[in-house]
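Below, each chain spelled out in residue letters.
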Amino acid sequence: AQKITQTQPGMFVQEKEAVTLDCTYDTSDPSYGLFWYKQPSSGEMIFLIYQGSYDQQNATEGRYSLNFQKARKSANLVISASQLGDSAMYFCAMREGIRSGSARQLTFGSGTQLTVLP
Amino acid sequence: DVKVTQSSRYLVKRTGEKVFLECVQDMDHENMFWYRQDPGLGLRLIYFSYDVKMKEKGDIPEGYSVSREKKERFSLILESASTNQTSMYLCASRPTKQMDRGRSDTQYFGPGTRLTVL
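As you go down the protein sequences, you meet chains L and C in turn. According to the working numbering, the first sequence is numbered sequentially starting from 7. According to the working numbering, the second sequence is numbered sequentially starting from 158.
The set of hints was computed from the structure by calculation and includes no laboratory data. Being a predicted model, the structure only gives us computed values, none of them experimental. A hint or two may mislead.
[Unchecked claim] Cut-off 20 Å, straight-line C-alpha distance, at most; resulting in silico cross-link-like pairs (EDC-like, lysine to aspartate or glutamate):
hint: 1; chain 1: L; residue 1: K9; chain 2: C; residue 2: D195
hint: 2; chain 1: C; residue 1: K210; chain 2: C; residue 2: E187
hint: 3; chain 1: C; residue 1: K160; chain 2: L; residue 2: D28
hint: 4; chain 1: L; residue 1: K76; chain 2: L; residue 2: D28
hint: 5; chain 1: C; residue 1: K212; chain 2: L; residue 2: E102
hint: 6; chain 1: L; residue 1: K76; chain 2: L; residue 2: E102
hint: 7; chain 1: L; residue 1: K9; chain 2: C; residue 2: D216
hint: 8; chain 1: C; residue 1: K227; chain 2: C; residue 2: D185
hint: 9; chain 1: C; residue 1: K214; chain 2: L; residue 2: E102
hint: 10; chain 1: C; residue 1: K170; chain 2: C; residue 2: E236
hint: 11; chain 1: C; residue 1: K227; chain 2: C; residue 2: E213
hint: 12; chain 1: L; residue 1: K76; chain 2: L; residue 2: E50
hint: 13; chain 1: C; residue 1: K170; chain 2: C; residue 2: E187
hint: 14; chain 1: C; residue 1: K212; chain 2: C; residue 2: D195
hint: 15; chain 1: C; residue 1: K210; chain 2: C; residue 2: D183
Modelling step: build the complete structure from the supplied sequences, incorporating the hints.
Here's what the structure looks like:
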């Protein structure tokens, strides 16, 4: 079974509007972390936002916020006031056993290509 | 700022060649990772290392090996390159303990190497 599912291969949004990128996950580990990365056409992976499974509040970082619904196992990324520079591939990822400190890897979703229209 | 560098941005090799992809990080991170990225599949872990000379297989280790002789350097080796290894290869590093909890467990990525095997 897929551990991270991103069901939107591509999304379009008008500049200055908000957009939500979906991510659902599957784990039986009570201790996990969820990440969103942005990958522009240049290829580098840019960390955007992190949510721990025990965090009481939804994470926010500037124009990025994470809509964390633990019971539904979803961790959607919300980008407010979209900018042309937000056009990129966005990946959701999860690491299980977040408190163990071990070198467990991130598991990535297949990504969503976001295009911001002028 | 953390810096992860990869030896080449673009590489073209022939089937059967031995290929070395080098990754260097300058932040004394214990953990280093090699991923490959393919359209529609996201990033998949090939190998990771949590210390010098230590390595563990990821999800798709077949056809690859790794070497970590020094803490800052993690090499990915394709013993006999094949066309199905044409892909984008991304290296990442992470310290065992993150000082900033808000970025707990963030992996820092290099710019990627786009490998084409003819």
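Here is how each hint holds up against the structure:
1. L/K9 / C/D195: holds (17 Å)
2. C/K210 / C/E187: holds (11 Å)
3. C/K160 / L/D28: violated (30 Å)
4. L/K76 / L/D28: holds (14 Å)
5. C/K212 / L/E102: With a Cα-Cα distance of about 19 Å, the restraint between C/K212 and L/E102 holds, given a limit of 20 Å.
6. L/K76 / L/E102: holds (14 Å)
7. L/K9 / C/D216: holds (13 Å)
8. C/K227 / C/D185: holds (10 Å)
9. C/K214 / L/E102: holds (17 Å)
10. C/K170 / C/E236: The given pair, whose Cα atoms are some 12 Å apart, holds under the 20 Å limit.
11. C/K227 / C/E213: holds (16 Å)
12. L/K76 / L/E50: violated (29 Å)
13. C/K170 / C/E187: Violated, at about 31 Å.
14. C/K212 / C/D195: Outside the cut-off at roughly 23 Å; violated.
15. C/K210 / C/D183: Holds, at about 18 Å.
Hints 3, 12, 13, 14 from the earlier list are contradicted by this structure; the remaining hints agree with it.
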